[in-house]
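The lines below spell out each chain.
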Amino acid sequence: ETGVTQSPTHLIKTRGQQVTLRCSSQSGHNTVSWYQQALGQGPQFIFQYYREEENGRGNFPPRFSGLQFPNYSSELNVNALELDDSALYLCASTPPPISESSYNEQFFGPGTRLTVL
Amino acid sequence: AQSVTQLDSQVPVFEEAPVELRCNYSSSVSVYLFWYVQYPNQGLQLLLKYLSGSTLVESINGFEAEFNKSQTSFHLRKPSVHISDTAEYFCAVSRSGNTPLVFGKGTRLSVIA
Numbered sequence: 001e002t003g004v005t006q007s008p009t010h011l012i013k014t015r016g017q018q019v020t021l022r023c024s025s026q027s028g029h030n031t032v033s034w035y036q037q038a039l040g041q042g043p044q045f046i047f048q049y050y051r052e053e054e055n056g057r058g059n060f061p062p063r064f065s066g067l068q069f070p071n072y073s074s075e076l077n078v079n080a081l082e083l084d085d086s087a088l089y090l091c092a093s094t095p096p097p098i099s100e101s102s103y104n105e106q107f108f109g110p111g112t113r114l115t116v117l
Numbered sequence: 001a002q003s004v005t006q007l008d009s010q011v012p013v014f015e016e017a018p019v020e021l022r023c024n025y026s027s028s029v030s031v032y033l034f035w036y037v038q039y040p041n042q043g044l045q046l047l048l049k050y051l052s053g054s055t056l057v058e059s060i061n062g063f064e065a066e067f068n069k070s071q072t073s074f075h076l077r078k079p080s081v082h083i084s085d086t087a088e089y090f091c092a093v094s095r096s097g098n099t100p101l102v103f104g105k106g107t108r109l110s111v112i113a
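If you read the sequences in order, they're chains A and B.
Residue numbering for the first sequence is 1 to 117, as defined by my numbering.
Residue numbering for the second sequence is 1 to 113, as defined by my numbering.
Same shape as in the complex, but just chain B (with noise of 0.2 Å):
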């Protein structure tokens, strides 16, 4: 089975300066890795994704994630936050391309003006 791990629930942050969300898994197999955003009253919009080939992944709205097989980690990154990305966000891993998400609890981002 797969678990994810969110170790920040609330990330403040204030606008223009960096940002780490970080994401930790579990697996015993091979997994895809997913990060959704989620705005308020809103439902999940795929970030970005890593399946296979380089490790460096990155959105079109300047977030970046780097898997890292050994450490088992997806961290979450972008060198300078708007307001706008005053979202929650939630890692996933999936196990192939057709089987369930499996979340992680959430990390509510803060971007302060």
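Next up, chain A with everything else stripped away, as it sits in the complex (with noise of 0.2 Å):
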């Protein structure tokens, strides 16, 4: 079974630009949450897809914005892009819920770094 994967590894873009970065999910997985972890600092939740809709947001702003396929694979846009951006992106999937109790866990790749200059 294959895990989460993420595209590029590394990346570096100056500021204004765009960037793209891609998540594949574990197989069978139907949900993806992104996080951006910044240097010295623990990953912070950017947002979460489940079913090709954002289901959830953290405080992020609207240049961070993100999509989800029919399998499940999702892609994180940031534009115009600033220096405070520079972190790694970490994109976790998790499997159907059990029930609606169940706890799910969260599945994370491997990240990409992005250094913005």
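Check the hints yourself; a few may be wrong.
[What the hints assert, rightly or not] When the alpha-carbon atoms are kept at most 25 Å apart in a straight line, the in silico DMTMM-like pairs for lysine to aspartate or glutamate are as follows:
| no. | chain 1 | residue 1 | chain 2 | residue 2 |
| --- | --- | --- | --- | --- |
| 1 | B | 105 | A | 85 |
| 2 | B | 105 | A | 82 |
| 3 | B | 105 | B | 64 |
| 4 | B | 105 | B | 58 |
| 5 | B | 49 | A | 105 |
| 6 | B | 49 | B | 88 |
| 7 | B | 69 | B | 20 |
| 8 | B | 105 | A | 84 |
| 9 | B | 105 | A | 105 |
| 10 | B | 69 | A | 105 |
[Stated by the list, open to error] A few chain A residues facing chain B, derived, Cβ under 7 Å:
| no. | residue |
| --- | --- |
| 11 | 38 |
| 12 | 42 |
| 13 | 104 |
| 14 | 109 |
Note that these hints are calculated values from the structure, not bench results.
From a predicted model like this one, the values you see are computed outputs, not experimental measurements.
In this text, a Cβ means the ideal position worked out from N, Cα and C, and glycines have one as well.
Take each chain as given, in its own frame, and dock them per the hints.
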């Protein structure tokens, strides 16, 4: 079984550019969450996608947007890049719940390290 | 809203010595609690979790954590560390089964030979 994969592994952009990061969820997982991990910080929730719809969003501006595709893979798009967007971007996929009250573990990919110059 | 405080940003410890990484959380509702480990240049791996039941939870590699509701803590311990335990450790909470994780800032554990 293939785990969560992300591409690219590293990326360098300049201020004002746009970037697209990609995530392939683990087989059978229909929910994808994105997190931003700045240097020396813990990951912060950006948003979550479930069945191709945004299903929750953290405290990030609208220039952070996403997509989920029918195969449950996902993209994170960031427009008008700023220096503070430099971070490790983590994608996590979650399997369908067994019940409403069941816990669903999030499985993390290795991340994409974005550097904005 | 939930929040997590990891009191130590860095913890150096000699090999085979015990270690405790501290984590306190704040929440107005019941939460699930987690410890994740991040090795250099890698993503996050779940180390252990508390969902319900026994307040002491263990991992397969010798770590354990105890949920203390009255002190709102979930400290991580290991009686004897190895060089391979050198990594960043993150404490996290979640309100329910499919809600986002809220992470602390992390504790860098450095095991010295």
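Structure versus earlier hints - violations, ascending order: 11
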